[in-house]
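Participant: Using this note's numbering, the first residue of the sequence shown is number 90, and each one after it goes up by one.
As a list, the in silico EDC-like pairs of lysine to aspartate or glutamate whose alpha-carbon atoms are at most 20 Å apart: (1) Lys763 / Asp730; (2) Lys109 / Glu124; (3) Lys806 / Asp789; (4) Lys130 / Glu212; (5) Lys280 / Asp293; (6) Lys111 / Glu125; (7) Lys803 / Asp789; (8) Lys738 / Glu718; (9) Lys983 / Glu1008; (10) Lys735 / Glu757; (11) Lys803 / Asp792; (12) Lys723 / Asp754; (13) Lys300 / Glu288; (14) Lys374 / Asp391; (15) Lys1076 / Asp1152; (16) Lys458 / Asp430; (17) Lys540 / Asp415; (18) Lys482 / Glu422; (19) Lys1019 / Glu1066; (20) Lys516 / Asp503; (21) Lys672 / Asp645; (22) Lys381 / Asp391; (23) Lys1057 / Asp1006; (24) Lys738 / Glu689; (25) Lys1195 / Glu1257; (26) Lys269 / Glu355; (27) Lys1045 / Glu1020; (28) Lys1278 / Asp1253; (29) Lys492 / Asp391; (30) Lys299 / Asp278; (31) Lys708 / Asp754; (32) Lys761 / Asp686.
No lab work stands behind these hints, which were simulated from the structure alone.
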Amino acid sequence: MWKRKSKASDQSADGQVGFKKKSSVPGVMITQWVEELPEGKTHPDFTRKPIALTIQEGKLAIFRAKVTGEPTPTVTWDRNNGKMDDKEKYITKYDPNSLEHTLEMPNIKPDQADTYKCYANNEFGRAVVTVMLNVIAVGFQKNKALQQAEVKIEKPVLRKSKIKPRQEEEKKKDGELDPKFWELLISADKKDYESLCAEYGVTDFRWMLKKLNEMKKEREEEQAQFIKSIENLKPIRVGASGTASFELEMDLIDAHSRIFVYKDGEMVPFSITSEEDDEVKHELKNVGKKYKFTIRDLLPDDAGLYQMDVEGVTVFSTEFKIPMVDFLVKIQEVKAIEREDAVFECVLSNPFSRIAWFGKGAPLEAGEKFDILVSEDKLIHKLVVKDCMMVDKGIYAACAGIKSCNAFLVVEPDPTPGQVGKKKARKTTQAGGSGIDLEKIAKEQQEKLTKDRETIKEAVQAAKEAPPPPKEPTPPPPPSDDSGKAAPPPPAPPVEEKIEVVQEIQVSMVQGLTDTYATRGQPAELTCTLSGERSGVWYRDGEELTSGGGLTLVRDGVHHKLVIQSARDDLAGQYTFEAGDAKSSAALNVGDVPEFDPDELHKFSKPVIVKVGQHASWKMPFLPQDGLEIKWFKDGAELHDGGGVKIHKDPALARLQIRDCVRSDEGEIKIKLKTPFGACEATSRLLVLDKPGPPEGPVDIIDSSSNLIELQWKPPKDNGNSPVTNYIIERQQVGQPMWKKLGDNAANKLIYRDRNVAHGKNYIYRIYAQNAMGISDALGTETIMAGILVFPGPPAAPKVESAFKNCINLTWEPPEEDFGEPIIGYQLEKRKKDSNQWIALNAVNDPIDALKYAVKDVSEGAEYEFRVAAINVSGAGPPSPPSVMVAARNPKMKPRFINPEDFLVIRAGNAVRIKMDFEGEPQPEITWLKEEEPVSPWVNIINVDGCSTLVIPSSKRSDSGFYTITAKNSSGSANFEIEVRVTDMPKQPGPVELEQLVHGKLIINWAPSPDEELDDRLHYTIAENESNTRVWRTIADRLFCHTFTANIHSGREYHFRVFAKNDMGLSDPSNSPTWGVNSLKVQTSTNKMAGLVSLERPPSILVPLKVHTPPKGYKCYMTCAIRGSPTPHISWYLNDICINSNQNYYITNAHGICSMYILRVTHDDAGEYRVVANNMYGKAECSTKVCVKD
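With these hints in hand, go ahead and build the complete structure from the sequences.
Facilitator: What follows is the structure, given as structure tokens:
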């Protein structure tokens, strides 16, 4: 029935042999059981293979596959580690409608993570595909027994990101930044920093950049454990297909590292594949180093912060924002004519600054081909496809957020008559549009949006103005007794008693005591004021005080004072003053004013000098005190920790550091120590060394002559805190790109004389100041000309030598006066009739060298006049008088044909195309004839300016003949005849017969080719092959007969081939019978006895040497076959040098087979090899070449 190979390439079962086959789906392995399949039968194959899954524990995992094969294959599933006997955990299904096989695993567990295989089998073969299932464990479900199981479960990943799920988010403190800001900033491009800071309210950019660099460094260190490199980060975008995706290029250290994707801190299940799969919601596509995450079937819930992690380390963060917008009017199909503009327009439900436009799946940008327009209210959006061509047709789409709409652009050919063979003109009309009043719809929507906003504002305002609901008074809790039980509330005192109490108060405290901080050894006082005069009592820590012991009690009317003559530690405490019911208390604290050590203060007062980009540091020791405040100031403004400022506070040392100093950081630095007892200050100064500022301008031009330019400038206002050492002067000649350094000036020399200048040339100078820190920015000058301008006189008016429709030839004479400056060329200008504008035909810096010029920038039939100006080093002089008005048209000319061809051969079935170039004025009329008759209607005649083409789409032999073209105008006529021959490859001649009538002569006869009657140019060619040379060679050509006599030699075999030949080429050959040693020969009569037969003969080459190209270091083996009697002597030659005795070559000769062997080829072995065979009757030789490759 079919054959089997004896050697097995795949042993799948006992006695069963398989052959590997290739599938059209990557990753599928196919084994075919038979070598040749019966007709109509096929081996199994996958049209859709299952894709790898990474899924969270407890979810539903599904593998899908589609197979093909005849007979229908049987599909089975298996896994590498473990069994699949549990029908509740592994459910296999088949859908006869979609022909889809599925394996479902509900409530997936970590122990089901494995490599799964899908088999498709029939009697002719088997197809296998493998797929990975990764399960992400959740919670603390991995008990000890599960950890000791045979199935290996991946270790849960501990995320290092600060982005947590919403249910786990901690309440932010006031002023604390959202962690999302830093995650987005790490992955963002630098151009997006400003917009992110504005969105999250960050204004201190210096502090932000500093912290960002620290976070980036930490993140890079974390990523370096798993990733070699990461680049080309592209944030999430919505595409024309309605999907959102972000991508990056990442080189993993371990290709098996786990990749996770999170949305707002929650893990996103996704499928991993290398191909597109439109049936999954989230997909991670990996091709090489490129990873692309795609979200399909977009919904508003898909908005959020997406992060990609590798083994718990975040590598990329991007935010997907979905604006609340929809299309009120969608784009409609547009039908446009070639070279016309097409317009797509739509209206949105909410203002949108810019929507995304796509054409045939590619994003579109405004430019030469497209215009993207947005109305002032940002509701109407338009796309204009300019100058539509056939290649522009297709589907165009508009995307706003997750909403999109699309429509076709249909481009139709221009139906305007007379456009055949000519370039179509650009049209000014526009096609397309929605056909409705978009302005009206947008205005109504704008009014609706305004009304909605006003309603919301009114509701908010009403909520603010509404009075708060009254609160019920809460009675104070009753006091508790000693037993811990609440005592009954005391009865409310009668009103009369309360009034009496108020009347008993004679004085009240108008101004009470305040806490006082007294410097040790210095006087202090406590003061209070009563509402009336009354004596009172002073207490310290509950003890009554009297005057004495350094204390003085003073009463001055309603004012009471406690005066302390010298504050001591024993006088510190809580002081109280009582006068009736009036009472006031305050604390007296005794301490010292903070102060600096004199030596440290002297060190601190010295200025700190640093270079730009360096760090500046100060430190100041102090004695620790309670309540001590340390503040740093720069030019009176307080400094705070953050950005480039770092403030350290140790128990007895204060330090300040300003990082990456710039010139603006320069100023007075002050430290202030403050306690309630007083304050002290210390001052230093920061000097930042930098390159100087540019010299102060403007530059004064002291002298500007034909051989000298003298400049003067002022020193820079800012020397960068380092004295200027010298000035550098550079020069550029106008029109040249190079700057030339002229020299250095000392710091005290502010004048430079440039003596190397050319008269009339313009120069620009740059002056730099230099100090020990570097070179300043340049102080530039305006254009300075050396000397004064001397222009030449006007030339004579141009003369018109000849005029054609596309060219006008002019000549002119040089000016009479050049005023001592040589003329370097001319500038030519033209002016059209009835116009006042002169147009230059060449620039001044591109002068015309000769005294003639061919003006080709003219329009046929238009009239022009010309003028010319002479140019020297100073520029262009005054123009000449204008020439006479001349029209751009050809002179009348009799038609003539340009380089015609009078004979054309075409193969039957191909198109005949006769192209004739001609000229004549006026434009001649063209007529084509065949054999003096008009050409057939199916023959196409294409006439354009200066060219006429006759086209026969599919030629036949009957189209052969003489074609005549006639060109005629008012100046005369011309005609030309072309012979066209339509033919085909000739058929081979008839049988060939050989006949010998004379010794040494052989007559060759053959039957004619069938095409001989149809083609009068058909002839015959004869080729000969004789046994001595074994090479076919032509012995006769262009034979118009059917016989030929060839010369032959006795003792040799001959073969002949007869070819028919015409203008298309050679026919297949007709072969003759063999003529040779055993063939019939002419009978010759002789009366002598035949002599003895001699076998002696000269050497001959039976098999020549072949060309060899061995690689260097490889072996080379060459042979040839030689015969001759007696046995010839064989000699080998390399580049005409005999190598028979060279031991590098192994040479043998066995029974006429001559061989040479080179064990290891080098470049020295390359060259021409020749074998020479000699005996007494002659010699023979053959040669070849050996080329050694590297």
